[in-house]
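Q: Note that the protein sequences, when read in sequence, are chains A and B.
If you're matching positions, the first sequence starts at 4 in the numbering used here and goes up one per residue.
If you're matching positions, the second sequence starts at 4 in the numbering used here and goes up one per residue.
Calculated from the structure, these hints are not laboratory results.
There may be inaccurate statements among the hints.
As the list claims (entries may be wrong) - Counterexamples of contact, computed for chain B against chain A with all Cβ distances above 10 Å:
| no. | residue |
| --- | --- |
| 1 | D72 |
| 2 | E127 |
| 3 | A151 |
| 4 | R152 |
| 5 | E185 |
| 6 | R227 |
As the list claims (entries may be wrong) - From the structure, some residues in chain A lie toward chain B, with a derived Cβ separation under 8 Å:
| no. | residue |
| --- | --- |
| 7 | L34 |
| 8 | S60 |
| 9 | L63 |
| 10 | E74 |
| 11 | L89 |
| 12 | R188 |
| 13 | E192 |
No residue lacks a Cβ here, since even glycine has one placed at the ideal position from N, Cα and C.
Protein chains: 2
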Amino acid sequence: MDKLHLDQHISQQFNQELEDIRNRVLAMGGLVEQQVSNGLIALLENDGDLAEQVSRSDHLVNTMEVEIDEECIQVLARRAPTASDLRLIVTVIKAITDLERIGDEAEKLGRFAAELSSSNRTFEYRKELRHLGGLVRSMLQDSLDAFARLDADAALNIAQRDDDVNVEYENLTRLLTTHLVEDPRRVTELLKITWCARALERIGDHSVNICEYVVYLVRGQDIRHTDISSDDLIRNAGADDDSTRGNKDDDSSHT
Amino acid sequence: MDKLHLDQHISQQFNQELEDIRNRVLAMGGLVEQQVSNGLIALLENDGDLAEQVSRSDHLVNTMEVEIDEECIQVLARRAPTASDLRLIVTVIKAITDLERIGDEAEKLGRFAAELSSSNRTFEYRKELRHLGGLVRSMLQDSLDAFARLDADAALNIAQRDDDVNVEYENLTRLLTTHLVEDPRRVTELLKITWCARALERIGDHSVNICEYVVYLVRGQDIRHTDISSDDLIRNAGADDDSTRGNKDDDSSHT
Numbered sequence: 004m005d006k007l008h009l010d011q012h013i014s015q016q017f018n019q020e021l022e023d024i025r026n027r028v029l030a031m032g033g034l035v036e037q038q039v040s041n042g043l044i045a046l047l048e049n050d051g052d053l054a055e056q057v058s059r060s061d062h063l064v065n066t067m068e069v070e071i072d073e074e075c076i077q078v079l080a081r082r083a084p085t086a087s088d089l090r091l092i093v094t095v096i097k098a099i100t101d102l103e104r105i106g107d108e109a110e111k112l113g114r115f116a117a118e119l120s121s122s123n124r125t126f127e128y129r130k131e132l133r134h135l136g137g138l139v140r141s142m143l144q145d146s147l148d149a150f151a152r153l154d155a156d157a158a159l160n161i162a163q164r165d166d167d168v169n170v171e172y173e174n175l176t177r178l179l180t181t182h183l184v185e186d187p188r189r190v191t192e193l194l195k196i197t198w199c200a201r202a203l204e205r206i207g208d209h210s211v212n213i214c215e216y217v218v219y220l221v222r223g224q225d226i227r228h229t230d231i232s233s234d235d236l237i238r239n240a241g242a243d244d245d246s247t248r249g250n251k252d253d254d255s256s257h258t
Numbered sequence: 004m005d006k007l008h009l010d011q012h013i014s015q016q017f018n019q020e021l022e023d024i025r026n027r028v029l030a031m032g033g034l035v036e037q038q039v040s041n042g043l044i045a046l047l048e049n050d051g052d053l054a055e056q057v058s059r060s061d062h063l064v065n066t067m068e069v070e071i072d073e074e075c076i077q078v079l080a081r082r083a084p085t086a087s088d089l090r091l092i093v094t095v096i097k098a099i100t101d102l103e104r105i106g107d108e109a110e111k112l113g114r115f116a117a118e119l120s121s122s123n124r125t126f127e128y129r130k131e132l133r134h135l136g137g138l139v140r141s142m143l144q145d146s147l148d149a150f151a152r153l154d155a156d157a158a159l160n161i162a163q164r165d166d167d168v169n170v171e172y173e174n175l176t177r178l179l180t181t182h183l184v185e186d187p188r189r190v191t192e193l194l195k196i197t198w199c200a201r202a203l204e205r206i207g208d209h210s211v212n213i214c215e216y217v218v219y220l221v222r223g224q225d226i227r228h229t230d231i232s233s234d235d236l237i238r239n240a241g242a243d244d245d246s247t248r249g250n251k252d253d254d255s256s257h258t
């Protein structure tokens, strides 16, 4: 298993700060997961109240993003972390941007769910949206789990599942486009369903980003913009290299 | 004018590294601007070759993103920057993610332009797309200029222009939706035009993000998720506070 074990520092407080940041990211992730989940339920079960609730809960996620960012910057300034500690901080700074944008997509799901539910009609494509939503939710959940366990192998496997999401998304938009041609009076409703599918597909993309950051964190290897299905990448259980270890060469310098 | 003057360090090499990072970001920004510009020209002038070129040039932007990230992490590890130097590095790490995503949107413009041009028909809505594209292009250009000049006042003004972009975008999608109802046989073409408008609107959003980072860099004030049109924000010419200045308290520690 290609997993990272974070350094232990002589400074108990530094350990605590890094642990605190990780826990906050996981709490933010949990909240975002809940939003996506509620957005989907609202959409699939025509639950207007839940939809309204999701579309109004985005500010909690936004506040968490700003607070975690601030904490990361404080740690960079006070602790001058190197090697895997530094990668953890940079990873967190990037990952919370994606979590915040997943929150935005969940908010959109809630908004469209509210609009669709107010039309008092059971719309089609629930089966397809449920299937797409299920794939995306489990990708998000597993990405956060890979981050929690610092598991690069798992992250690579999860990222590859985005291909299935894209296929399902393409199939659904093709169906919707055909339907639009056949029944143009329903264009507004069908376009809303298209935007929901699009929001789910984007959540899959952001989950891939999180997976890529986990690989970077664990292996010190930047795999963005590379072919994630490459066998070399999967096989390469690269060690935690120390290319980011700077002048500060021992952890006892953390006071 | 609320502008930041970056510290000068005793270490000439550190000065040079920070300057180099800023220059690289501006070079990446220039390339992304060019892609957006070419994507728009390809779209508006039915230029299939230029469209193909844009849709294939994304890898250059991707490579720049990975390289700048790497350089930032090296500087964090070796120089342990604090205060405005640290904010510069964090700002760059965030801003290049937005630049890369603007590159993705430009690539989409190119792809749709190529598909629309191959239909050998002059499509409508060029006037609207030209107008929307013009607003967005100048927002992107001015955001990068605010970053180059470290000008927070300008950044705040530019960010507010996103309201106009959103109004134009809403108007155009409303027109397109009405047209879809009237002429459903052209749904594929009209949806492609809708996606182009959406890509332009997203470029506006990413430009706002860049502006927000510039304000953070100059003022040390995080204005994400706040009402950017607030008069308080505009009037508050907050000084470069040193809340991120850590244990390392003088620049001569950079060796």
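Q: Now, for every hint given, state plainly whether the structure supports it.
A: Tested hints:
| no. | hint | in the structure |
| --- | --- | --- |
| 1 | D72 | violated, 7 Å |
| 2 | E127 | holds, 17 Å |
| 3 | A151 | holds, 23 Å |
| 4 | R152 | holds, 23 Å |
| 5 | E185 | violated, 8 Å |
| 6 | R227 | violated, 6 Å |
| 7 | L34 | violated, 15 Å |
| 8 | S60 | violated, 13 Å |
| 9 | L63 | violated, 11 Å |
| 10 | E74 | violated, 11 Å |
| 11 | L89 | holds, 6 Å |
| 12 | R188 | holds, 7 Å |
| 13 | E192 | violated, 11 Å |
Hints 1, 5, 6, 7, 8, 9, 10, 13 from the earlier list are contradicted by this structure; the remaining hints agree with it.
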